[in-house]
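Engineer: Sequence:
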Amino acid sequence: MSLKNYQYDVIIHQLDMRRLNAKYMLDKRTEEIYNKCPEILDIDNQIAIQSAERARRAILGDDTALQGLAESNRALAREKESILVKNGYPADYLSPRYECSLCKDTGYVNGERCSCFNKAIANLIYNESNVREIIREENFDNFNYELYSDEPDQYDVVTGTMRSPRELIRDVVALAHDFINGFDTEYHNLLIYGNTGVGKTFLSNCIAKELLDRSHSVLYYTAFRFFKYMENCKFSYDAVEDRGTLTEDYLVDCDLLILDDIGTELSNSFTNSALYTVINERHLKRRPTIISTNLSLAELEKRYSERIFSRLSKDYSLLKIVGSDIRRK
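Just so it is clear: in the sequence shown, position 56 is 56 by this note's numbering, and no numbers are missing.
Hints were generated in silico from the structure; no laboratory data involved.
Hints may contain errors.
Calculated lysine-lysine pairs in the DSS-like style (CA-CA distance at most 25 Å, straight line) [unchecked claim]:
1. Lys228 - Lys285
2. Lys228 - Lys119
3. Lys23 - Lys119
Label pairs and their computed distance ranges (CB to CB) [unchecked claim]:
4. Lys36 - Pro96: 15 to 21 Å
5. Leu297 - Thr161: 17 to 23 Å
6. Ser305 - His13: 42 to 48 Å
Bear in mind that the values here come from a model prediction, so they are computed numbers and not experimental data.
Positions of the beta carbon are idealized from the N, C-alpha and C atoms, including for glycine.
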């Protein structure tokens, strides 16, 4: 994913603080050792003096000034390590202790992002996703097909046969995996619909976790929170909760936006306009969106403007989940 400027700044600040903390702790250990082992202070002074003298000579044009300096300093460093060990300290006690030994908390190795930087990205977008806690439980590892009836009581228009909700949910989950696996190379949107309690939100959270784990930015909003946020963005000049980091642009730019329970909001010209603006802008930028709703396609067409329904029916893959309320099982 491409980071927003504020996200990059947050991570760089975290790395800066790590390095400052490493230096602070090293300074404390150094002060401790100088008090207990003054001969190490003498060695450090010797290293500083001879390095400064050699550098002065090199500046004055002495081409041989730096010869042997590195080896001399290494010998003195080994002497320090020997003294530390004799006094019961680890040999590397006076070395910086970074959280990441690969990049020394700079975030980069050979000009490329370190794995710790990518981990920080993942952690940041997890925190911003609004689903960090719930996806600990609601994920594919905990998806229970046994909650769906195996009675073939649903007519499948594709096969022309009667199939069970359990068979059909397996098809839906397979399509969800196709969406995830093709996320980096294909542009798709999902409209997940069905009765209350059949697992629409659970499935959305499963998808969110898979993509968050791949370091994609995901935002989850219930219909209520989404429209409240859009209202605040439009009508309030004051800071609102979470506006310090999230902006209306981020709703459009995040890798995946999930809008849950669309249709439960109070419908009016503003909500229609706000919904269309976001899904249309994301479509123009080829940013995938998942919308879940309890409404049928006919109810969606009746409730929303023609341009919203046209966008949903043409640009979204329809995933219908059937069955009884699994929350009661």
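Engineer: Looking back at the hints listed earlier, which ones does the structure fail to meet?
Structural biologist: 2
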